[in-house]
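These protein sequence lines map, in sequence, to chains A and B.
Counting in the numbering used here, the first sequence runs from 1 upward without gaps.
Counting in the numbering used here, the second sequence runs from 118 upward without gaps.
Read the hints as simulated data drawn from the structure, not as lab findings.
It is possible that some hints are incorrect.
In silico SDA-like links for lysine to any residue, alpha-carbon gap of 20 Å or less [stated by the list, open to error]: (1) Lys41(A) with Ser9(A); (2) Lys213(B) with Gln60(A); (3) Lys41(A) with Ile129(B); (4) Lys20(A) with Tyr103(A); (5) Lys213(B) with Gln42(A); (6) Lys41(A) with Lys171(B); (7) Lys171(B) with Ser102(A); (8) Lys171(B) with Tyr103(A); (9) Lys66(A) with Thr115(A); (10) Lys213(B) with Ser145(B); (11) Lys213(B) with Thr115(A).
Cβ pair distances, simulated, as ranges [unchecked claim]: (12) Gln29(A) with Asn141(B): 44 to 50 Å; (13) Asp127(B) with Thr115(A): 25 to 31 Å; (14) Ser192(B) with Thr17(A): 45 to 51 Å; (15) Phe39(A) with Tyr186(B): 23 to 29 Å.
Not the full set, but computed from the structure, chain A residues with beta-carbon under 7 Å of chain B [stated by the list, open to error]: (16) Phe39; (17) Ser43; (18) Leu44; (19) Leu46; (20) Glu52; (21) Gly53; (22) Phe91; (23) Arg97; (24) Asn104; (25) Gly111.
We put the beta carbon where it would ideally sit given N, CA and C, even for glycine.
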Amino acid sequence: GAVVSQHPSWVICKSGTSVKIECRSLDFQATTMFWYRQFPKQSLMLMATSNEGSKATYEQGVEKDKFLINHASLTLSTLTVTSAHPEDSSFYICSARGAGQSYNEQFFGPGTRLTVL
Amino acid sequence: GIQVEQSPPDLILQEGANSTLRCNFSDSVNNLQWFHQNPWGQLINLFYIPSGTKQNGRLSATTVATERYSLLYISSSQTTDSGVYFCAVDNTGFQKLVFGTGTRLLVSP
Numbered sequence: 001g002a003v004v005s006q007h008p009s010w011v012i013c014k015s016g017t018s019v020k021i022e023c024r025s026l027d028f029q030a031t032t033m034f035w036y037r038q039f040p041k042q043s044l045m046l047m048a049t050s051n052e053g054s055k056a057t058y059e060q061g062v063e064k065d066k067f068l069i070n071h072a073s074l075t076l077s078t079l080t081v082t083s084a085h086p087e088d089s090s091f092y093i094c095s096a097r098g099a100g101q102s103y104n105e106q107f108f109g110p111g112t113r114l115t116v117l
Numbered sequence: 118g119i120q121v122e123q124s125p126p127d128l129i130l131q132e133g134a135n136s137t138l139r140c141n142f143s144d145s146v147n148n149l150q151w152f153h154q155n156p157w158g159q160l161i162n163l164f165y166i167p168s169g170t171k172q173n174g175r176l177s178a179t180t181v182a183t184e185r186y187s188l189l190y191i192s193s194s195q196t197t198d199s200g201v202y203f204c205a206v207d208n209t210g211f212q213k214l215v216f217g218t219g220t221r222l223l224v225s226p
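One chain only, chain A, in its complex shape (with noise of 0.2 Å):
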């Protein structure tokens, strides 16, 4: 149980697209959802939580214009990288907070390379 899967596992973009990054609970409903960041050979960065059928809330640093987010259903987040730069290349990673006798665990999925050149 408690299984979430992210989709695509890695992307490369040019310069200037955008990119959507989508985060799937597969076996529970996940009212909650949250976005991570990491950088090669550091740890994780929480950049967002996103609450189905609610606006997003983000960290402080975190621009909400560039890095969108929409939690439509009880299963499905998503995260859209906008105008993509070098700089937004990253390892993308969300999870979500479980539910029932889990409800306090966050389930992480696999990630998300994304290389922008």
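Please arrange chain B on chain A, whose structure you already have, making use of the hints.
Below, chain B without anything else, positioned relative to chain A:
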């Protein structure tokens, strides 16, 4: 915000050895999780342990919330245990996990 420090930063073990990883945090927490990030980047849940002691096979963890630290024990290590171990805490009540600095473990045959 809350600070989370892990030690040691790097650890090299021979297969079969035991190890203890430490996570110190600067404020009281209501959530603490341990994760293993494998070489492909996937985070694997090890323990949800805001307090107390838990065991799962060769792994066990203890959190002493009043003293603001948690320990992860790995016994009889295997090469598949290699990767980075993170602890992550939340002190907001909104599940906003703050990740520690990580311990990079390499288990050699």
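Here is how each hint holds up against the structure:
For a cut-off of 20 Å, the pair hint linking Lys41(A) to Ser9(A) stands: about 19 Å separates their Cα positions. Distance check on the hinted pair: Lys213(B) and Gln60(A) sit about 13 Å apart at the alpha-carbon level, within 20 Å; holds. Simply put, Lys41(A) and Ile129(B) have alpha-carbon atoms about 17 Å apart, close enough for the 20 Å limit, and the pair holds. For the hint pairing Lys20(A) with Tyr103(A), the CA-to-CA distance comes to about 27 Å; that exceeds 20 Å, so the pair is violated.
Restraint check for Lys213(B) and Gln42(A): satisfied, since their Cα atoms lie roughly 18 Å apart, inside the 20 Å limit. Between Lys41(A) and Lys171(B) the alpha-carbon distance is near 29 Å, which puts this suggested pair outside the 20 Å criterion. With a C-alpha separation of about 15 Å, the suggested pair Lys171(B) and Ser102(A) falls inside the 20 Å cut-off, and the hint holds. A C-alpha spacing of about 18 Å is found between Lys171(B) and Tyr103(A), which places the hinted pair at or below 20 Å, so the restraint holds.
For a cut-off of 20 Å, the pair hint linking Lys66(A) to Thr115(A) stands: about 16 Å separates their Cα positions. In summary, the hint linking Lys213(B) to Ser145(B) is supported, as the alpha carbons are separated by about 14 Å, within the 20 Å threshold. Under the criterion of a C-alpha separation no larger than 20 Å, the hint pairing Lys213(B) with Thr115(A) is inconsistent with the structure, at around 26 Å. Between Gln29(A) and Asn141(B) the beta carbon distance is about 35 Å. The supplied range of 44 to 50 Å is therefore violated.
For Asp127(B) and Thr115(A), the Cβ-Cβ distance of about 27 Å falls inside the hinted range of 25 to 31 Å, so the restraint holds. The hint said 45 to 51 Å for the Cβ distance between Ser192(B) and Thr17(A), and at roughly 49 Å that hint holds. The beta-carbon spacing between Phe39(A) and Tyr186(B), approximately 26 Å, falls within the hinted interval of 23 to 29 Å. Nearest Cβ of chain B to the Cβ of Phe39(A): about 12 Å, over the 7 Å cut. The hint is violated.
Interface hint status for Ser43(A): upheld, as the beta-carbon distance to the closest one in chain B is roughly 4 Å, under 7 Å. A least Cβ separation of about 5 Å between Leu44(A) and chain B falls short of the 7 Å threshold, and the interface hint therefore holds. For Leu46(A), the shortest C-beta to C-beta distance to chain B is roughly 6 Å, which falls under 7 Å, so the interface hint holds. Violation of the interface hint for Glu52(A) is found here, the shortest Cβ-Cβ separation to chain B being roughly 14 Å, above the 7 Å cut-off.
Using the Cβ-Cβ criterion of 7 Å, the hint placing Gly53(A) at the interface with chain B is not satisfied: the shortest such distance is roughly 17 Å. The interface hint given for Phe91(A) is met, as the beta carbon of that residue sits about 6 Å from the closest beta carbon of chain B, less than 7 Å. A cut of 7 Å between beta carbons decides the hint on Arg97(A): the least distance to chain B is about 6 Å, and the hint holds. Below 7 Å, beta-carbon pairs count as interface contacts, and Asn104(A) has one with chain B at about 6 Å; its hint therefore holds.
Among the interface hints, the one on Gly111(A) holds; its C-beta lies about 4 Å from the nearest C-beta in chain B, closer than the 7 Å criterion.
Going down the numbered hints, you'll see the structure goes against 4, 6, 11, 12, 16, 20, 21, while the others check out.
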